[in-house]
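Chain by chain, the residues run as shown.
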Amino acid sequence: MASMADRVILVCTIIVAAIYFYATTLIPTLEIGDPLGPKAFPRLIGIVLLIGAAMLALEIWRERAKAAGKGAGVATFDPAVVKVLAVVVIWIGLYFATLERLGFVLATFAFLLPMMAWFNRGKWLVNALSAAAFSAMTYWLFVALEVRLPRGVLPF
Amino acid sequence: METLTHILNGFNVALQPINLWYTFLGCFLGTVIGVLPGIGPSATIALLIPVTYGMNPTSALIMMAGIFYGARYGGSTTAILINTPGEASSVMTAIDGYQMAKNGRAGAALAISAIGSFIAGTIGIVGLTLFAVPLTSMALKFGPAEYFTLMFFAMTAVSSLAGKSPAKAMISTILGLMIATIGIDLQSGQPRYTMGVPELQDGVGFVIAVVGLFAIGEVFASMEDMTKGMRPEIIKLKGRIWLTREEWNRSVKPILRGSVIGFVIGVLPGAGGTIASIMSYVWEKRMSKHPEQFGQGAVEGVAGPESANNADTAGAMVPLLTLGIPGGGATAVMLGAFIMYGIQPGPLLFQNRPDLVWGLVDSMYIGNIMLLILNIPLIGIFVRLLYIPGGILMPLILAISTIGIYAINGNPVELYFGLVFGVAGYVFRKVDIPLAPMILSLVLGGIMEQSFRQAMTISGGNPKIFVGSTICVTLVALSVLSIFLPFILKRIEAMGARVGTR
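As they're listed, the protein sequences go chains A and B.
Take the first sequence: its letters are residues 1 to 156, numbered as in this note's numbering.
Take the second sequence: its letters are residues 1001 to 1502, numbered as in this note's numbering.
Careful, some of the hints might be misleading.
Unchecked claim - Partial list, derived from the structure: chain A residues whose beta carbon lies under 7 Å from chain B:
hint	residue
1	84
2	145
3	148
What the hints assert, rightly or not - Heads up, simulated EDC-like pairs for lysine to aspartate or glutamate below, C-alpha to C-alpha not over 20 Å straight-line:
hint	chain 1	residue 1	chain 2	residue 2
4	B	1430	B	1224
5	B	1102	B	1247
6	B	1164	A	63
7	A	66	B	1225
8	B	1164	B	1432
9	B	1164	A	100
10	A	83	B	1225
11	B	1228	A	78
12	B	1430	A	59
13	B	1289	B	1225
14	B	1490	A	63
15	B	1285	B	1247
16	A	83	B	1246
17	B	1430	A	78
18	B	1430	A	63
19	B	1490	A	78
20	A	39	B	1202
Simulated from the structure, these hints should not be mistaken for laboratory data.
Built from N, CA and C at the ideal position, the CB exists for glycine as well.
Using the sequences plus the hints, can you model the full thing?
Right, here's the structure in full:
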């Protein structure tokens, strides 16, 4: 069904293994004391990853034999969903970027409100109250627990 | 005798007001996150690690264990009322529990899962109390080669049992090991795979990985459901949370059987609560005189699996405490917490810190009583959590995850790492790559490599050391067996299906 996705995983796994092997050669070694050095274990798991890829190839091959003639499967990723999630990821990135400058309370409020407005549409009052209460109360709580959160521009 | 004294002294620790409070807090949080979608025990325990830095480790671990077993209680509530398991291990409860709720027996289903969980949880802890010490005396004989093969066994077991595809589980395991190799190599002092990023020199924090994969990734998955306009239907809770004598009589044996299955599965690495509850369900259906009632609201189908997945939590603590080797995702995070507090679980911990070990174990007896109270008279309060709109809850979980990651080092760069893990977690979930093996190997990777190199140093580079003792040979044999287990299981399933149609 999702054998297209499986094929992509296979290719990605092989690419990851290749990059990992290459990066392993870049580790500088000084042969003192430790007979194996820092490269041996990575080489070993790199090989096991390739074995995993081979197993996946086998699974794909078997699935294909089974599913032959059943037609194309369902797409794993729905473009409409991917679009929404991409915006969410960018929005989270912006939140992280402004967290220290604006401070936890303001940045979190500014992050939460539009997110809630989108996913919990039309309930402005509830959304605004939840976002404000959460930002202020968690800040207070974590400061009380002596966890450092960025204070930012607010004076308290 | 000495052990008995330690066990009883453990109650002194567990009954201290402060520890009672943390037991309660853990159980309460566990129930809450068990009910809430989008966040589970692994992510919650990871998020709490920075908050608990200054705390007494015993109290912190008592709370984390409470979250671990408390979530199993909460998970059944959503399974019964909205047909969605709050935790993966409640997946079997949803089948008959939801049907019971539709037939107007929601109260009975909730009651039997709480009572079954309580009985099974307690039986499991008795098992933990009895089996822990004999295992530690064996564990004292473990050298680096034995530890390496043990971890190897844990990983093969987890990868062959997690998810549908053994190959993907194996890839997931290795990716975890690869991430674990990032950072400065402890033996040679050489940086590995850091790509010149200073934040990577100490390696990728497992808290970041867990929060990203399990919390942020889960939020993305929920947002997908919301975008597609899926909304679960919540069955209103009517009447008392109690059951009839007949329902109770039908449940006693499934509860006891489920307890044993759950505990045994819990002790073994890899399988975990989900498999325990599936096995219990299949078993009960087989034993039943009315197998046709299963799927239509059979109380045995709730009692057995719910008991099994709670006994599993106690069983899972056995290898974690005695060997220092977790068998699944949540216990792997707990191992990470132990290490961050500077405590190495294992046989020596039982000798050096009996107060911590037995305080923790004994707190679980108390926690189960608390959970029974939280889940029968007070369940109505937790059910209200189901009415929080996902559109509000999911952004809040993102903000909580942000705090959790930021609080570790106060470094915003790590937040982006968390986001990368979140996206990866979402994609992996979509393409059926299981996440638990990755977390397990990420936490164990460092220790595994160290014991590998130590063993090779001892043997002068001869890999024969890994089959050089009876323990090693047994563990290697078990690992090989567990690699072939999925194929054997498939055969058995096929046989079962044939028997079923006859």
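(request) Output the numbers, in ascending order, of every earlier hint that fails for this structure. (result) Violated hints (numbers, rising): 7, 9, 13, 16, 19; every other hint is consistent with the structure.
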